[in-house]
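Asks: Could you build all of it, start to finish, from the sequences and the hints given here?
Single-letter residue listing:
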Amino acid sequence: MIRPRKAGFPTGNALLWLLPLAFLALFFFLPLGKILAFAAMSAAKNGFALTSLAPVWRPLWFTTWQAGLSTVLTLLLGMPAAYVFAHYRFRGKNLLRVLTTLPFILPTVVAVAGFTALLGPHGLLNLGLMRLFQLNTAPITFMNTLWGILLVHVFYNTTIVLRVVGSAWAQLDERWEQTARVLGASPRQALREVTLPLLRPSILAAALLVFLFDFTSFAVILMVGGPYFATLEVAIYQQTMSLFNLPLAGLLAVVQLVCTFVITWIYGKVNGRRNIPLLPKLTSETLRNLRSFGERLAVFGINTLLITLLVLPMLALAARSLLNLGADGVMRFSTQNYTQLFVNSSNSYFYVPPAGAALNSLFYALVTVLLSLVLGTLAAYAMSRARRLQGLLSALITLPLGASAVTLGLGFLVTFTRAPLDVSHFPLLIPIAHSLVAMPFVVRTLQPALNAIPVSLRQAAGVLGASSMKTWRNVDAPLLRRPLLVGGIFAFTLSLGEFGATTFLARPETPTLPVAIARYIGMPGELNYGQALAMSTILLLICGLAIFLLERLQPAGMTEI
Amino acid sequence: MKQKITSMLILALALAFALSACQPKPAETATLTIMTHDSFAASEDVIAAFEAENNVKMVFVKSGDAGSTLNRAILTRENPQADVLYGVDNTLLSRALDEGIYEPYDSPLLAGIPAEFQLDATHNALPVDYGDVCINYDKAYFAEHNLPVPQTLADLTQPEYNSLLVVENPATSSTGLVFLLATIAEYGEDGYITYWQQLKDNGLVIVNDWSTAYYTNFSASSGKGAQPMALSYASSPPVEVIYAAEPPADAPTASLVGRNMCFRQIEFAGILKGTPNRALAEKFIDYMLSVKFQEDMPLQMFMYPVNSEAQLPEVFVKYSQIPAEPAALDPAVIAANRDKWLNDWTEAILR
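Here the protein sequences line up with chains A and B, keeping their order. For the first sequence, this note's numbering gives the first residue as 1, with consecutive numbering after it. For the second sequence, this note's numbering gives the first residue as 1, with consecutive numbering after it.
Possibly wrong hints are sitting among the right ones.
Stated by the list, open to error - List of simulated lysine to aspartate or glutamate pairs, EDC-like, C-alpha gap at most 16 Å:
no., chain 1, residue 1, chain 2, residue 2
1, A, 45, B, 98
2, A, 93, A, 551
3, B, 57, A, 509
The hints are simulated quantities; they were obtained by calculation from the structure and are not laboratory data. Bear in mind that the values here come from a model prediction, so they are computed numbers and not experimental data.
Replies: This is how it looks when you write it as structure tokens:
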């Protein structure tokens with residue numbers, strides 16, 4: 001008798017777990033434990049007492065509701081966009097898909113520069129409105145407001161919904177919905193009772209990722225929200241860096257971790273209840289051309305919204321990088337910001353040409369893709385086999401997403417002090433730190449697809465005499481190619497744009513692009529600001545090109561989403 | 001036969017070994033590691049000259065701002081990650097000294113440094129440079145609106161300056177913290193909160209970080225923001241001139257340098273306790289205090305030399321003002337009170 005495997009991967013269960021768990025233990029739990037032990041020791045030595053719960057409660061409450069609100073808004077934009085991308089063929093789709101992914105890689109300083117160019121006191125929109133309505137002051141205030149925070153969160157995270165839900169939607173077999181319609185369901189009924197339940201795992205996965213990203217939001221709150229808003233992560237930063245209150249910082253970090261764990265666990269419970277294994281369709285044969293006026297209008301509307309919210313700030317940034325202030329105070333077109341990047345004008349020891357920084361960034365990003373895809377795939381398989389432990393294991397894997405970057409960064413510094421794993425000499429610690437954050441993305445995009453592969457397919461392959469390796473290659477691999485690609489792109493962009501952990505770990509001679517950008521924007525002078533914008537535009541171009549090429553990697557007929 | 005070969009081999013090996021022992025060893029390049037904040041910079045040839053002179057390879061470890069760099073040094077004290085720590089300033093000095101992370105070094109070059117900079121009598125931390133945190137103003141705006149330039153901190157609460165000033169949050173930005181200290185030096189522990197409340201009533205804008213204040217809010221930067229006064233450094237006006245797209249006829253900004261309006265930051269370097277490279281570390285400290293390094297600093301780090309023999313570059317002489325009466329507080333007083341001040345300020349002004 002042939003015993004069908006629950007999930008066909010040609011190794012034993014324990015082996016699957018070994019690598020991802022060892023990785024987490026060494027690079028996440030060990031440094032985290034070390035720094036928390038430091039905090040506890042410091043509390044024991046100097047005494048630590050909370051006179052009220054306000055320092056914990058206040059940031060926790062704000063963190064939770066702003067993350068909830070941001071997630072809802074992101075879904076409101078992301079879901080219709082995912083539908084449009086999964087169902088219609090239209091001109092410029094590939095370009096728009098790449099462009100909507102790019103916000104993800106932008107360091108916050110630069111995103112703020114883009115939004116300032118649009119919405120700032122002298123931004124395009126304010127200038128236009130002032131001229132139109134004869135106003136003396138700018139009507140739109142964006143910095144230091146809650147809506148500014150929400151706007152930038154939507155800007156950053158819509159791509160998660162678009163990619164995760166969009167890829168599942170594109171793979172959904174349309175015959176289910178058609179059957180429902182034939183049986184008399186209205187389009188709305190069919191959507192509510194057939195399509196959405198089938199998409200539920202990926203919608204939940206996307207919502208979880210977006211929520212956790214907003215939950216641990218740091219630079220956006222700090223820069224856009226200003227001093228009147230503080231999330232847990234901001235409070236941890238202040239307690240660590242400015243007040244040197246390690247015990248309170250440690251306590252806040254633990255609260256943030258526990259919340260992440262609970263949220264992920266609840267997600268697992270909700271998600272794990274009933275998964276309907278469905279054979280995903282492989283080709284995009286059902287992609288439709290736009291026919292009716294209504295369809296055209298809807299797609300036009302959604303795309304306009306996407307372009308306004310996601311693409312325009314980046315375009316403003318790129319445009320601004322090509323303008324310089326003349327001696328007469330007038331802005332003029334100039335390529336000076338770019339040409340200056342290639343000159344070490346101050347003869348600085350720490351000067352790095354843009355190509356050097358770009359190569360460092362690309363190297364780290366590729367290692368991150370490799371690490372997180374291998375480890376993430378192993379973990380996703382292990383999870384889909386151990387159904388009973390799935391909730392716990394998936395929460396463990398997701399935990400790094402909710403860990404405070406400041407805490408973990410300090411943990412790395414106190415843990416990896418000796419060769420060969422030595423922060424100041426071992427260059428791979430940067431992609432390792434990036435992989436910790438990228439792995440949950442890979443697992444989340446893989447898992448719904450993996451759970452959806454019907455056991456009957458593998459059984460059939462087994463009955464027909466295929467070895468387990470062959471079954472994996474011929475059954476699983478083709479079905480997983482698309483989610484693997486999505487996960488890989490997430491890992492790639494996450495690594496390219498990551499700034500927090502990198503500042504802790506990067507050596508000054510080998511900065512990444514975001515680190516180099518921060519160097520310029522930390523100095524006064526128009527050229528420094530301009531060079532930061534020029535460097536960011538280069539980062540956008542490189543990343544756009546890389547995503548474009550990555551998407552070419554999949555076979556024809558699967559290029560959508 | 002076989003034995004003979006073996007013994008001959010041993011003999012040859014022994015001979016080779018003995019010969020190699022007699023030969024002068026090829027000089028080995030040592031490495032010297034400097035831990036510093038992100039703003040550290042130096043000219044290529046200045047570093048290269050030190051490396052060549054001492055046959056040493058310099059390694060720099062950067063760790064964010066001064067606060068997080070000190071944090072790192074303290075947390076890795078048992079297992080020092082560098083030989084020299086640069087970048088602790090007078091707001092952090094007491095904390096660094098209390099934690100005992102340095103080894104004292106009485107450099108002969110201290111003789112050329114005025115006593116006002118030598119805040120640590122034990123010579124654990126040696127002054128390297130200083131800079132003044134001052135409010136910069138947009139010269140064009142003040143000229144256009146015929147506004148007199150504020151002369152005192154109290155002037156800033158006057159209605160004619162309503163909504164014209166942006167400062168950084170002391171709890172998230174070191175620049176902001178330093179300005180908070182200036183107001184405490186002027187108004188004392190009992191009066192500074194009242195002063196800040198008056199500032200707030202007069203439309204003070206607070207943001208979290210320097211780049212937002214300077215590039216988004218300040219009207220004289222290329223962001224063309226809404227506030228013509230922004231908290232920055234006395235060295236920012238000459239830097240604006242150096243990094244202008246087209247060389248301007250005059251600096252677009254200047255600093256408010258009235259009594260107690262600026263706070264002087266002094267940055268220190270020290271040898272980290274337990275270094276195996278004590279001799280080289282001493283040499284590097286001496287080098288940092290020497291005229292060559294000190295004259296390189298203004299254009300690299302935008303800080304001023306403490307060595308009285310070092311000359312300032314012309315653009316600094318021309319466009320930067322050095323306040324005659326900067327605010328100052330005893331580092332020990334700062335260390336004892338900064339957490340309380342920050343908490344009180346946050347509760348009173350931000351909540």
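Asks: Hint by hint, say whether it matches the structure.
Replies: Quick rundown of the hints versus the structure:
This hinted pair checks out: residue 45 of chain A and residue 98 of chain B have alpha carbons roughly 15 Å apart, not beyond 16 Å. Restraint check: the Cα-Cα separation between residue 93 of chain A and residue 551 of chain A comes to about 13 Å, which is no more than 16 Å; the hinted pair holds. Distance check on the hinted pair: residue 57 of chain B and residue 509 of chain A sit about 13 Å apart at the alpha-carbon level, within 16 Å; holds.
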